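Engineer: Those sequence lines, one after another, are chains L and H. Numbered per the numbering used here, the first sequence spans residues 22 to 247. Numbered per the numbering used here, the second sequence spans residues 22 to 247.
Possibly wrong hints are sitting among the right ones.
Which copy is meant is left open, because identical chains are indistinguishable; a pair holds if it fits in one copy or across any two.
[Stated by the list, open to error] Below are the DSSO-like pairs computed for lysine-lysine, each with C-alpha atoms no more than 30 Å apart in a straight line:
1. Lys147 <-> Lys203
2. Lys65 <-> Lys242
3. Lys65 <-> Lys208
4. Lys240 <-> Lys208
5. Lys147 <-> Lys208
6. Lys242 <-> Lys150
7. Lys224 <-> Lys63
8. Lys221 <-> Lys242
9. Lys65 <-> Lys217
10. Lys224 <-> Lys203
11. Lys63 <-> Lys203
12. Lys157 <-> Lys63
13. Lys147 <-> Lys217
14. Lys65 <-> Lys203
15. Lys242 <-> Lys208
Because the hints were derived from the structure by calculation, they are not lab data. Fair warning: this is a prediction, and the values are worked out from it, not measured in the lab.
Protein chains: 2
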Amino acid sequence: MKKTDMPQYFQSILIAVDTAIFSVIDGALRVLLIRIGSGPYKGKWALPGGLVRPEESLDQAAERVLSEKAGVDDIYLEQLYAFGGVDRDVRGRSVSVAYFALVNSDRCLPATIEYYSDIAWYDTAKLPKLAFDHTKIVSVGIDRLRNKLGYSNIAYGLLPKEFTLTELQTAYEIILGHELDKRNFRKKILDIDLVKETGKIRKSGQSRPARLYSFSERKPKIVDVL
Amino acid sequence: MKKTDMPQYFQSILIAVDTAIFSVIDGALRVLLIRIGSGPYKGKWALPGGLVRPEESLDQAAERVLSEKAGVDDIYLEQLYAFGGVDRDVRGRSVSVAYFALVNSDRCLPATIEYYSDIAWYDTAKLPKLAFDHTKIVSVGIDRLRNKLGYSNIAYGLLPKEFTLTELQTAYEIILGHELDKRNFRKKILDIDLVKETGKIRKSGQSRPARLYSFSERKPKIVDVL
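This is chain L alone, in the form it adopts within the complex (with noise of 0.2 Å):
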């Protein structure tokens, strides 16, 4: 087959990928950002991001990615969005394909450093502004995850593999931004079958006894709704 059968003087469109990984960290959601180090976004933060390389599939290239420029390996990403505004990259025309992550901070601790000058966890309600279109797929992904969290199990990456439902809720709290009523929040979440007791009880100081849960599931899931 010739490759002249796609008319490939007819583009310029330079194809990337960018990894948004959240999570919880001091009663924050967070999102793992680096600090460019050189060219025209020198100094400022963005996702850690770079191209497709010729001979890899898009989530090969953002778990290729991730591992290179923040040290984070294993993690399951999803794919958030495709992002090809015109004007997104001073560069010249890109298109960059999103991923997202709500991972346990225990399991992503930025270990190399090699393409940035500085390496962070920041508050997604106190971020700076960020290189590209940056600061609008964070957007976009909080939104996503905020959603995420009423039809899927995307919390399982966040909790650990036992917990009570005072502390699910709690990180759903920080997630949505406002407070859940208690008793509204445990029916919904036990009405979706979304987590099932594991008849053990954690006891702990003055504070009553506590059922201790785990998902139903801890690989991603839509809940069944209908």
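Let chain L serve as the given structure and place chain H on it in line with the hints.
Structural biologist: The following block gives chain H in isolation, referenced to the frame of chain L:
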């Protein structure tokens, strides 16, 4: 800003858009397909698609492609997923950003066939082998559609402005591919405030008069379960 800041030599990946337009016609969930008229995929059925032009965003490209290649305009397209498998196109490496929509077939009658040898609404249960990775794209589209029925108002594009709950349930059942319990369906649909009563009643022939409903919102909305 020098264009050479971006390592263009590094990539020769083309970026395309493909559109998966679904409707319910004659009791079946159908997708709009075109038949390719030339090249290595000649004779194969595929989703309407094409390369993104340098001056247009991804959304604009999807709208243009659907209009040019299938004669379909004025549809709200939602981004589905970016497909970037290394072997997805025998002509060379490409990434496709797929869009999808669920429409009322009245709004969507293929008018012109300029680029392709044929166009048809195919029953998704009886698809031929499609060109590229389009079988996969349709499959991901159907999964998303089915999931979104449970947590969004996506069906508003399919139903007329006023409808009975029986009509809504029938549409849901056709898309989901299985029957739903009537009482349970009604309870859940009303619980999540998906639809509201119009106060009107439809009387038709022998059957019992039925209450007419409309969607609470006729633009895309994720249902707030929490």
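Engineer: Go through the numbered hints given earlier and state which of them the structure violates, listing their numbers in rising order.
Structural biologist: 2, 3, 5, 7, 9, 11, 13, 14
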